[in-house]
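Read the sequence shown against my numbering and you will find it ends at 180, with the numbers running on by one and no gaps.
These aren't lab readings, by the way, just hints derived from the structure by calculation. Keep in mind it's a predicted model, so treat the numbers as computed, not measured. The reader is advised that the hints may include incorrect statements.
[What the hints assert, rightly or not] In the EDC-like style, the derived pairs of lysine to aspartate or glutamate whose C-alpha atoms are separated by at most 20 Å in a straight line are:
#1 15 x 25
#2 10 x 25
#3 15 x 26
#4 77 x 118
#5 57 x 85
#6 117 x 103
#7 15 x 48
#8 57 x 26
#9 121 x 103
#10 31 x 78
#11 57 x 25
#12 57 x 103
#13 107 x 85
#14 32 x 49
#15 17 x 68
#16 32 x 103
#17 10 x 26
#18 105 x 85
#19 31 x 49
#20 17 x 49
#21 17 x 28
#22 15 x 49
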Amino acid sequence: MKNGNNLIRKFYQWKTKRYIQKNIDDPELRKKLIPNYPLGAKRLLFSDDYYASLNQKNVTVITAPIQEFNPTGLQTKDGIPHPMEIMIFGTGFKANPFLIGLDIKGKNGIPIQEVWKDSPKNYLGITINNFPNFFMMYGPNTNLGHNSIILMSEAQANYITQCIETNSKRITTKRFDSSC
Numbered sequence: 001m002k003n004g005n006n007l008i009r010k011f012y013q014w015k016t017k018r019y020i021q022k023n024i025d026d027p028e029l030r031k032k033l034i035p036n037y038p039l040g041a042k043r044l045l046f047s048d049d050y051y052a053s054l055n056q057k058n059v060t061v062i063t064a065p066i067q068e069f070n071p072t073g074l075q076t077k078d079g080i081p082h083p084m085e086i087m088i089f090g091t092g093f094k095a096n097p098f099l100i101g102l103d104i105k106g107k108n109g110i111p112i113q114e115v116w117k118d119s120p121k122n123y124l125g126i127t128i129n130n131f132p133n134f135f136m137m138y139g140p141n142t143n144l145g146h147n148s149i150i151l152m153s154e155a156q157a158n159y160i161t162q163c164i165e166t167n168s169k170r171i172t173t174k175r176f177d178s179s180c
């Protein structure tokens with residue numbers, strides 16, 4: 001990462017922590033809410049009242065793992081029962097493994113899961129080296145938290161169309177070169 005980008009990220013991380021500290025009264029709750037990952041590693045939250053809502057006396061943020069649900073609420077693995085009328089169960093999401101359950105093979109029959117076993121590598125989130133004829137939209141490392149997915153999808157569709165048009169003019173086999 002370029003040093004300028006790192007400085008900008010550190011500045012906004014500092015601003016975020018300061019904002020949480022100013023808007024959350026309870027120091028223990030602050031510890032739960034301050035991210036332990038770099039800014040931009042997960043989707044950004046844009047809200048003027050999210051932290052204020054967590055600061056209310058009738059709201060509890062529970063981060064302990066859930067052991068069981070029961071008729072009155074739930075119990076966490078630390079043995080604490082949590083009676084409640086309403087629960088918002090925010091589990092996050094698992095963005096990886098990508099394309100799980102799909103049997104996609106590239107040149108020489110290599111499965112995509114093998115190519116991506118350590119980390120997904122692709123070009124513009126659209127093409128993968130040695131996977132001719134395979135184009136993705138909204139592929140790995142293309143998640144947005146700050147812009148329009150429609151704009152991105154249109155740009156990706158345009159790129160794919162250009163690749164197909166370029167390859168269809170020079171095609172000599174039944175395969176496209178997805179690296180166009």
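A quick look at each hint next to the structure:
no., hint, verdict
1, 15 x 25, "holds (17 Å)"
2, 10 x 25, "violated (24 Å)"
3, 15 x 26, "holds (18 Å)"
4, 77 x 118, "violated (32 Å)"
5, 57 x 85, "holds (15 Å)"
6, 117 x 103, "holds (14 Å)"
7, 15 x 48, "holds (14 Å)"
8, 57 x 26, "holds (11 Å)"
9, 121 x 103, "holds (17 Å)"
10, 31 x 78, "holds (18 Å)"
11, 57 x 25, "holds (11 Å)"
12, 57 x 103, "violated (50 Å)"
13, 107 x 85, "violated (55 Å)"
14, 32 x 49, "holds (17 Å)"
15, 17 x 68, "violated (33 Å)"
16, 32 x 103, "violated (40 Å)"
17, 10 x 26, "violated (24 Å)"
18, 105 x 85, "violated (49 Å)"
19, 31 x 49, "holds (19 Å)"
20, 17 x 49, "holds (16 Å)"
21, 17 x 28, "holds (14 Å)"
22, 15 x 49, "holds (16 Å)"
In this structure, the earlier hints numbered 2, 4, 12, 13, 15, 16, 17 and 18 are contradicted, and the remaining ones agree with it.
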